[in-house]
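J.: Chain residues, written in single-letter form:
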Amino acid sequence: MTLLRTPTALLGFTILVVLALIALLAPLLFPADPLAIAGPALLRPFQDASLPLGTDRLGRDVLAELVHGARTSLLVGLAAAATSIIVGSVVGTLAGFIGGIVDEVLMRITDAFQTVPGFLLALAFVSVVGPSLPVVVLAIALSAWTGPARVARAEVLSIRERDYVAGARAIGMHPLKIAFREVLPNALPPVLALSSVIVAAAVLTEAALSFLGLGDPNRITWGGMIAEGRAVLRSAPYLSIIPGIALVVTVLGVYLAGEGVVEASAARKVRA
Amino acid sequence: MPPLSLNRRSFIAGSSVLLASTALPTIGFAQAVQKGGRLIVAADSEPRNLNPAIVASNGVFFIASKVIEPLAEASYEGEDGLAPRLATSWEGSDDGLSVTFKLRENVKWHDGSAFSSNDVAFSALNVWKPLQNLGRTIFKDLEAVETPDATTAIFRFSRPTPFQLIRNALPVVSSVLPKHIYETGDIANNPANIQLVGTGPFKFAEYKPGEYYRLTRNEDYWGDDTPYLDEIIYRVLPDRGAAASALEAEEIQLAAFSMVPLADLDRISKVEGIEVISKGYEALTYQLVVEINHRRKELADLKVRQAIAHAIDRDFVVKTIFLGYAETATGPVPKNDPQFYTGDVATYPFDVAKANALLDEAGYPRNADGIRFSLKLLPAPYFNETRQFGDYLRQALATVGIEAELVNNDAAAHQKAVYTDHAFDLAIAPTVFRGDPAISTTILVQSGIPDGVPFSNQGGYKNTELDALIDKAASELDETKRTELYKEFQKLVATDLPLINVADWGFITVARTSVKNVANNPRWAVSNWADTWIET
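If you're matching them up, the sequences are chains A and B in order.
Following full-length UniProt numbering, the numbering of the first sequence begins with 1 at its first residue and continues without gaps.
Following full-length UniProt numbering, the numbering of the second sequence begins with 1 at its first residue and continues without gaps.
Hints listed in this document are in silico derivations from the structure and should not be mistaken for laboratory results.
Fair warning: there could be bad hints in the mix.
As the list claims (entries may be wrong) - Okay, the calculated bits of chain A under chain B, using three or more residues with CB under 8 Å as the criterion:
(1) 26-37
(2) 53-62
(3) 125-134
Don't be surprised by glycine CBs; every beta carbon is placed ideally from N, CA and C.
Next up, chain B with everything else stripped away, as it sits in the complex (with noise of 0.2 Å):
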C-alpha cells in the first residue's frame, strides 16, 4: 500500500483499507432491529432493461440486485471481500481451468420453484458468456458448466483463467437467473427483463413508468429472519436538486449515488435526522477519465498527450469539481484499491509552462490568435461532475492554446458519437474500477474491441508492448505475479496516455438517521438490503 494521508478529501483512501475495516461491521447491531415498514429511496434512471445478469451496471444494479441475487457478495470483513449469497464456497483449481462452486440449499425463486445448479449453469452459459457487458471478457473461455447434484456447479475454462479475477468479478458478473422462465423465447427480449424473478430478499412488484418502482418482502427468503424491510419504494426523481428537499421533508429516506448534489452535502449535514455517508462505495470506485481519439494526428503524439496531462490541474479539480469529496488519480487503478495499486508510475504534475513547451516541440505552434489547433471535447452527460470537468478542461486547454468546442449530448447520443461513431477528438467518461482491472479496466486501451462497446477503447489506440502484457496478465494464475503485471500495466499506461487518469471518485448516501445498516459493505447501495432496517 502506498503512504495515505487521512485528511478530509482523501475520505475514498480512508475506507479503504479493506483489511482494516475488519472492525466496524460489529458496532451496529447494539440496537435491536425493527422489522416492518417502508423505505422510500430516489431513483434518479429508470433503465430500458432491467435484467443484472445482461446489464451489469450500477443503475441497473441499484434496483435489480434486490431482487436477483449473485453468487457472492463484497464484504468489508469476509475473506477475500467476499462473502456468500448463493454460493456458499468457491474453489479454484491449481490449473486455472475449473472453479467449483457450491450452492446454497433451500432456496426458492419468487414464483416458487426451487433454485438448483442449472440456473447456475444456463445463467453463465447463456447470459453472462454472451450476453453481459462485463461477463463477455470474463468468461470468454468458459467451455462448460457441470452440475454433478443440484448443489454444485463446476466452471470448465478452455483456457487458464485467473480464479483471483473470478473472485473479485463474482458480486458483478453473477446475477443468476432463472432458467425456467428464460430457456423460451428470445432472453434479451423477455418480459421478465423489467418484471423481474430471483431469489432475493425483496420481490419485484410494480414499476409505473416516470413514477416509482416497488418491491416486497420475499416471505420465503433463505436468508433467517431477513429481509426486515416490507418494501422498498423507489421513487423517479429525475432531478437531482429536487431529492435534498424530499429528504428534508421526509417524503424520501434515503438518496444514494450523490443526487444530492455535493455543494448542499455541507448544509444537509447540518440537519437535524439527516446523516451524509461516504462510505459503502468502495467496491464501485469511478473515475474520472479523457478519453483521446488516437486517430487524431495532433492526439496521436505522446508530447501532446503529455502537455494535455500537465495542463489539468489535479488539485483544483478535486477540490472545485468535486469538493473535496474525490481522490486525484495517477493511473488506471485508483488509490483506494487493496490488491493492485502502485503509485510508482509517471506523474504529470500541473505545469503550464512545460505543457506549453511540450507542444512547442512537438510542432503545434500558436497562431496569430494564440490558438494551436481546435478538438471536440464530449464531456459525458451521466454527471454533473463529468459536465463540470469538461468546462474545467476547455479552460484548461485554452490556456495551453488548444481551442475545445464543447459538444453536449443526451446519454444515447453520447454513447453513439463516442463508442460508435468516434466522432470526438477528446470525451470525458465516468469509467468504474470494479476491484479487478481485467473486469472494465483493461477494456479501455486494449486494442481490437468491435465499435459500439461502451466504456471500451473506441479511441483507435494500439500498442502491442501493452496488448500483449494484458493478454499475459489474463491468463497468469499465480497472484503474486498477476499482481506484478498489472502494476507494469499501470506504468505503461502512465507513461504511454493512451488516456488520462484525472480523478477517482466514491458517491455519497445521504440517509434519514433512522434508516439503520446502511452503507454496510463496499457495494452497500447495489447488494440487496436484506439487512436494512427503519427504525420508527
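Only chain A is shown next, with the shape it has when bound in the complex (with noise of 0.2 Å):
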C-alpha cells in the first residue's frame, strides 16, 4: 500500500489503530463502570498491580479512565469531523454549482463564521445550549464547516466545466442531481484530506471545553482529567500529566496519518 510507505505514516496509522482497538475494546478490558470508586484516593501510578496508574481525588481507577477517555475523544473526533464535513461539503457544492447570488449569500455566512474564532463559538454555544456530548460534537462542527466548504466550493468551481457535466446536462439530469451524483463525489477527496487537521482540532477542542468543565459531565473525557487533576497539580502531577501523554499521542497520530494521505495523494498525482 503506498498509504503506508513513508515511516510518519506508518506510525500515525498504528497510532490510531492502537486507540481504535482500545477505545473499541474498553467495555471489555474494563467492563465495571469507569467512574466507581476502586480504591483509596490519590494512589500514585506503579504501586499497585490491579491499580498500574494509580487513582484520582476519589479513587477511581486512572487507566479505566483513560481508556474509556480514549472513546469519548475519538468519538468526539470523528463526530465532529463528519459533521463539519459532510455540512461543509454541501454548502460548498450548492455555493459552487449555483454560482450567483446563492454562492454570495453562502460564502458571505462562511465568512462570518470563519471571522469568529472556533474556539469562542464552541465555547458560546455549549455554555447557551448546556453541555452533553451532541452538543459539544456540534459545537465543534459549527466552527469547522467552513474549511471543507471553501474547498469544496474551489474544487466544484472547476469541475462543474467539464465535458461530463455540460453531458449530464445535455441528457437532462436534474441539476441538483448533477451537483451531487456526479460533482461532489469528484470534488470530496481534496475535502477528505482535510478530515485529519478537523479530527486533531476537534479532539483538541473537546479537551479544552472539559478543562473548562463544559463538557459531558456523564462521560469520562481526558480534558475533564486533567481539569480534574489541576487542583492537586502540585501534590499528584500524574493526574494531569498522565491524560495529557493521551492527548499528545492521539492528535499527534491523526496528524502523521493526515500526512500520509496528503503525501500518498499527492505522489498518486505525480504518476498519473
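Put the two chains together into one complex, using the hints given.
T.: Pasting the structure below:
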C-alpha cells in the first residue's frame, strides 16, 4: 500500500489503530463503570498491580478512565469531523454549482463563521445550550465546517465546467442530481484530506471544553481528567500528565496519518 | 453540648465551643503593632452588586465588610458572642415587640457626613426588610424604627420577635447604609452599590474589573488607632490553583475561603513563612446538602429518601473530598453550633444493603440492567467540593441501582434551574448555617416560599407539622423554649428528610506569617480587618 510507505504515515496509522482498538475494547478491558470508586484516593502510579496508573481524587482507577476517555475523544473527533465535512461539502457544492446570488450568500455566511474564533464559538454554544456529548460535537462542527465548504466550492467551480457535467446537463439531468451525483464525488478527495486536521482540532477542542467544565459530566474525557487533576497539580501531577500524554499521542497519530494520506495522494497525482 | 472528639478531623468542633475560647484572643498582643503597609489578598469572585445591606452573602461581605459596618460583629469573647460596631448596646423588651439600640457617637461616613440613627432607621425599613435576602425573613414584622435622638434607634415589631434571633442575626443582616446617598432614586440600582460609601475602617477607592479592588485607610475611623493597614488590595484570581503559587511567590499575602485547594494544604503548610489557619469561620459554617425535588414521585416516598441517605458514606466524604477538613452532619444544625445543636436525631449510617432493601420495599425493583430509576443530579458549581461530591453521589446512587445523570451548569444557570425552574431531581447545595436556624436554615424546608428565592425550599416539600413548628419557634420569646423547639425541628427534619445533610465544613485561610491578627473572630474573613497588621 502506498499509504504506509513513509515511516511517519506508518507510525500515525499504528497509533490510530491501537487507539481505535483500545476505544472499541474498553467495555471488555474495563467492564465496570470507569467512574466507580475502585480504591484509596490519590494512589500513585505503579504502586498497586490492580490499579497500575493509580487513582484520582475520589479513588477512581486512572487507567480505566484513560481507556474509556479514549472512546469519548475519538467519538467526538470523528463525529465532529464527519458533521463538518458533510455540512461543509453540501454548502460548498451548492455555492459552487449554482453560483450567482446563492454563492454570494453562502460564502458570506461562511466568511462570517470564519471570522469568529472557532473555540469561542464552541464555548458560547455549549454554555448556552448546556453541556452534553451531541452538543459538544455540534459546537465543534459549527466552527469547523467552513474549511471543507471553501475547498469543496473551489473544486466544484473547476469541475462544473468539465465535459461530463455538460453531458449530464445535455441529457436533461436535474441540476441537484448533477451537483450531488456527478460533481460532489469528484470534489471530495481534497475535502477529505482536511479531515485529519479537523479530527485533531476537534479532539483538542473537546479536551479544552471539558477542561473548562463544559464537557459532558457523565462521560470521562481526557480534558475533564486534566481539569480534575489541576486542583492537585502540585501534590499529584500524574493526574494531569497521564491524560495529557494520551492527548498528545492521539493528536500526533491523527496528524501523522493525515500527512501520510496527503503524501500518498500527491504521489498518485505525480504518477498520473 | 454533645461529646466531641478532638482529633484533626473535627477541626470545626475543636474551635466550636465559643465559651471555651474566651482565653484565646489575648495571646496575640505580645508583639508591638506596626502601622501602615499594604495587604494583598486573593479574591475569587467579583459580585455584581457589592452592597452587603442588599446581598448579605459571604462573597460580598469579603470585600464590603471593610467599608460598610454592621451594628455588631461576631466575637469569641463578647457577651452572647457579639462585639459592638455601630451600636454600642442593644436590649430587647420582654414582650418581644421592641429592640433598643444605642448607637456610637462621633461616627462619620466616608463622604464626611455624620452618621445618625436616621441612617439605621432608613437601612432597616427601606433596605433590610424589603430588599435583603435574609432581612426579608428576620425583619418581616418590623413596623417602625423610632429615633428619639441621634444615637438611639428603637425597632418596633408588629408581632413578638425573639430577641435571641435578632441578636444572632446582627452581624449578618445589619449593614448600615448612608441615608443621604440612598434616599433618592432606586436603591437596587444606586451607583454606590459598587462604589461603596460606609463608616468602616477602609474606604472604597477603586475597582478594575477582572483585576483588583482597592480599599484605602479611613483616616477618620472611630476606632482608636485603627485601622493599622494603609491599603487592602483584592487581586482577582478566579483560578483557585493560582492562589497557592501566588502566596509562595509573595504576590499575595493571604488567601481566605479555602482558595488554596485542600489537597495543597499539607504541602503548603511546610513552606516557610506560610501558615494554614482553620480558625475564623465558626459563625459561617457551610453545609453540604442534598436538595430533593419532592415533585418526583419516587423521591416523594420517604423510603427512597432514607435509602439515599443510607447510600452516602459520610465518613468517605469527609475523609476523601474534604481531606478531613469537615465534620459529618446529622441534621440541619451543624455540630459546632453552641446553642441549638442536638445529636439526638434519626441517623442514617452507611449501609448499602439496607438502602437496597428500602428501595425494594418502596416498590422500585431493579430492571434487567440493574437500574431502578433514573434522575437528574445538579451539583452546585460554587466549590470544588460540591462538584466532587456530585461525582461521588452519582457513584453512590449507582451502587443502589439509581442512575443519576449529572448536569453541570455555571452559577447563574444553576440557580435558575434549581430555584426558579425546579428542573432537577437532586441538587447539591452549599447552604450556610449562620448561628440561628431562623436566619437561613428553616427556609430550606418551609413551604410557601415564592419561586426564585435561592437557597430555599424549592423542592415542593410540604409538611404542615414542620411548618407549624417553624412558625411557633419564630415567635417564641423564651430562649430555652425556643432552643427546645429548634431541637424538635432538627429531629423532624432528620426523620422526614426533606433534604439530606451530609457534612459541615468551615474554610481554611492560608496566609504569610507576616500578616497578624488573622482569624481573631468567628467571622474573620468577612469582618472589618481594622486590627489586622503586617510585620515588615
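J.: Are any of the numbered hints broken by this structure? If so, which, sorted upward?
T.: No hint contradicted; all consistent.
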